[in-house]
Amino acid sequence: MTATPMITLNKLKKTFPVPGSGRIRAVEDVSLTIYKGEKLGVVGESGCGKSTLGRVILQLYRQTSGACVYYGKTLQEVNPRYLGREVKKLPIYQRRAKQYYQKSLQVDLKARARRMRMDEVSVRANASEERRYHRYSKKADMLAFRAKELRKDASRQLREGSRTVGSLILTRDLPEVCRLYKKARLALKEAHLAYEELIRQGKLLSGGTSNDTSQAIEEQLKAHMADAAAAINEAETYKHQNISEITERCFDPAYWARLDGNQETGINLGKLTGREMRGLRRDMQVIFQDPAASLDPRESIGKAVEEPFRIHTKLGKKERKERTLALLQEVGLKPEHYDYYPHQLSGGQKQRAGIARAIALKPRFVVLDESISALDVSVQAQILQLLNTLQEQYGLTYFFITHNLGVVKHFCDRVMVMYLGGVCETAPVERLFKNPLHPYTVSLLASVPKPQVPDGEMADAPLTGEVPSALNPPSGCAFHTRCPKAMPVCASEKPLPVIAAPGHSVACHLYQADKQTETSHA
Amino acid sequence: MPQTKVLQVNNLVTAFRINKQEYPVLNGISFDVAQNETLCVVGESGCGKSVMTLSVMQLLPANGSVKSGSIKLDGQELLGLRENEMGQIRGNKMGMIFQEPMTCLNPLLTIGYQMTEGLRRHDKGLSKKEAEAAALSYLNQVGVSNPEARLRQYPFQLSGGLRQRVMIAMMMSMRPRLLIADEPTTALDVTIQKQVLLLLAKLKRTMNAGILFITHDLGVVAEIADRVIVLYAGRKVEEGTVRQIFENPQHPYTRGLMAAVPNIAEDTFEIRPIPGSLPNIMEPVGGCSFHPRCKEAIARCKSVIPPLIETSPGHMAACHLVGGQTA
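Residue numbers (the numbering used here), protein chains in the order written: chain V, -19 to 502; chain C, 231 to 557.
One should not assume that every hint holds.
[What the hints assert, rightly or not] Derived pair list, reagent style BS3-like, types lysine-lysine, alpha-carbon separation capped at 25 angstroms:
| id | chain 1 | residue 1 | chain 2 | residue 2 |
| --- | --- | --- | --- | --- |
| 1 | C | 354 | V | 430 |
| 2 | V | 251 | V | 132 |
| 3 | V | 342 | V | 301 |
| 4 | C | 525 | V | 314 |
| 5 | V | 162 | V | 68 |
| 6 | V | 90 | V | 118 |
| 7 | V | 251 | V | 16 |
| 8 | V | 430 | C | 323 |
| 9 | V | 83 | V | 69 |
[Stated by the list, open to error] Short, incomplete list of chain C residues facing chain V, as computed with Cβ under 8 angstroms:
| id | residue |
| --- | --- |
| 10 | 275 |
| 11 | 287 |
| 12 | 288 |
| 13 | 292 |
| 14 | 391 |
| 15 | 420 |
| 16 | 446 |
| 17 | 448 |
| 18 | 450 |
| 19 | 456 |
| 20 | 486 |
| 21 | 493 |
| 22 | 499 |
| 23 | 501 |
[Said to hold, decoys possible] Chain V side only, calculated, beta carbon under 7 angstroms to chain C, not exhaustive:
| id | residue |
| --- | --- |
| 24 | 362 |
| 25 | 390 |
| 26 | 429 |
| 27 | 441 |
| 28 | 443 |
The hints are simulated quantities; they were obtained by calculation from the structure and are not laboratory data.
We put the CB at the ideal spot given by N, CA and C, even for glycine.
Taking the hints into account, I'd like the entire structure generated from these sequences.
Right, here's the structure in full:
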């Protein structure tokens, strides 16, 4: 499968402070890749953090730590401010890495000195010598540990730098690389201005009818883009050349490859300015559960659906209305609904209006936060059908938050099961329903009422008790307090996700023994 | 097996007054609930499910009223009773649980106060201590952990599942003959929903009561119901045992509902919604009210309201296409 990632989450965390009682850990270390064009279902009981996760991805909440990287646009297209900041910091990273490493060498020397004196002491042993021996040994261990930490700090600095330029962070010609990167950024900025000018002239949107000025601007745009690409290419020529001796690993090609792998091609959403994020919002939309709550009761449907055009485009009044009417038709509403107010529509129709607004700007990624839960079953099916059609038409990627496993089974491609802020299991839909591994997934599936008359008595509830508080989550595996298969280790150690089969990862001690720990969050 | 009927509803017509005009919401609905039986009422929102329960309890809003028909609880006619007489019946003989327990619990009073208040009001001889002991035993029965502490807590300190259990305990403590549950598990998580459904099934047996269960979740219906009635636009379109309804649905609307539910037990599923939506009560549809959305509609559906036809013992459907009446 050659799936291209749309968004990757890396150890994403979100906590909410609660005055007087600590922090609610709503999302704990979620690592995940969302692929382009897939329908990813997210399930779990209420309070498991699925909605919070959706909102953190959209940057409606800022993450507490971790990264959320978006690949729907290239860095060149957005050219974010943080890139400039990072480029400026590159020499600092390099210098610090060097300093840390040098320091670690000194500390290592000291440790070695202690060891030598330790050896001297150990030859002759009486009570006080014994004490001294232990003192030296303790100190030597401490120093060795310190040196190790310093070396870690050094590689951490290099890793930070490599996010922007990959293994170029190791070169002696870093000032030159920085200059080239700055040049590229400036060129891109010019190109962006030219692009906006073109839009203002309405050329890109209506197509054709190019006049002389717009042609000139187009030339400029192309020239700036070429400049930027040339500068980046020139910077690339410094790669693996003239390596600076920063740490011992600097000459190891395997290490270069690792640093190159760190280079971010996507956009780190958490580092964007508010304005840049707003620009990206047209790519990332959300549809909420309660359609009535997301529509202004005093604004007509037409006005509400038109709003994205007013904010994100420079379309004229007439054209806006035209497009809005086309949108309404696309989601199955009638032209006369343009002048209706939300209270005049049924729940299903309101949700259609919400969908129309979300897809107005042709987004790439849509978070559906329980979008069909408030609707009747017959209407639910209508909306699911509409979502399917839109997905096929525009190649949308859905992050489908729901508690309805039946819907997940028949609508999504992949499922992620969450419990108390953490991910229990991620798998393709078919696999998860045929072969659920995590005990929580198993009990969740058993709890779903099936529209088939059971033979004999109703089975016992597979899960007793309720979800513990996220203010004070259980130690080890969060699920161990309710888990029918809990073992002693579950209460003390947090299970790491392991890959049980291609695309199927599970975080449970039952599967920990023989499997290798997941290294990449694929 | 001849069972005592707890609730008998006959030809119930309920109408709402909007802008000085009467609009019927229920058009002659008949059903009954026997002892130790769960009757599920299924239908889309707006089909009259909740109006039906409100009519039975006589808690209709000011602009709604029962126009005709009869409602008998344990043989006693409820229509025409005075408000204070109804007050004696509600709670004592009829217990109710709603979707959102917070709307029934007073946020300013402790659980203990609210539970004992009901007990002491209905049994005047009960002392405060005795009432508290009774409340404790009921909380124990519905599986509330640490009931002593719960009695001193306020509703906001409990989770949704616990609140619903408290509501069930309060209602149980009156030992009603009929239990009306209006979407009691819709707001709960599936795992908690399962626990509450099991609890209700257990209570029905121990109290020998009848349950009138309103829901739109067909999965829940399959698990808990003995018999099912399907409502559409204020009319009963199908009635039967749970097996008859699920294994041999007769009315196109019932079949449509079944097809619209993504079934977790099936491997393949094609999303097949019922097109359109419920008719507005202010613009009634002539003939069978389902015909504008029905794929199988024939000319007669537009003009004649189909009568209920018994297709097999206990299984009735109101459709021109059933029982060889195709014309």
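**OP:** Quickly compare the C-alpha distance for residue 90 of chain V and residue 118 of chain V to 25 angstroms and report which way the hint goes.
**Re:** Holds, at about 13 angstroms.
Original post:
With 8 angstroms as the cut and Cβ atoms as the points, is residue 275 of chain C at the interface with chain V?
Top reply: holds, 5 angstroms
Original post:
With a cut-off of 8 angstroms, does the beta carbon of residue 446 of chain C approach a beta carbon of chain V closely enough for the hint to hold?
Top reply: holds, 6 angstroms
Subject >> Proposed interface contact between residue 420 of chain C and chain V, which counts if any beta carbon pair is under 8 angstroms >> reply: holds, 4 angstroms
Original post:
Quick one, is the residue 391 of chain C hint okay against chain V at 8 angstroms, beta carbons?
Top reply: holds, 6 angstroms
Original post:
Does residue 314 of chain V lie within 25 angstroms of residue 525 of chain C when you go C-alpha to C-alpha?
Top reply: holds, 22 angstroms
**OP:** Closer than 7 angstroms between Cβ atoms is the bar; does residue 443 of chain V clear it against chain C? Give me holds or violated.
**Re:** For residue 443 of chain V, the interface hint holds, since the closest Cβ of chain C sits about 4 angstroms away, which is under 7 angstroms.
Subject >> Restraint check, 8 angstroms cut-off on beta carbons, for residue 448 of chain C near chain V >> reply: For residue 448 of chain C, the interface hint holds, since the closest Cβ of chain V sits about 4 angstroms away, which is under 8 angstroms.
Original post:
Straight-line Cα separation of residue 251 of chain V and residue 16 of chain V no greater than 25 angstroms?
Top reply: holds, 22 angstroms
Original post:
How about residue 486 of chain C: closest beta carbon in chain V under 8 angstroms, or not?
Top reply: holds, 7 angstroms
Original post:
Given residue 450 of chain C as an interface hint, is the shortest Cβ-Cβ distance to chain V below 8 angstroms?
Top reply: Cβ of residue 450 of chain C sits 5 angstroms from chain V, so the hint holds.
Original post:
Is the Cα-Cα distance between residue 342 of chain V and residue 301 of chain V 25 angstroms or less?
Top reply: Since the Cα atoms of residue 342 of chain V and residue 301 of chain V sit roughly 16 angstroms apart, the hinted pair holds (cutoff 25 angstroms).
Hints 1, 8, 11, 12, 13, 19 from the list above are not met by this structure, while the remaining hints are.
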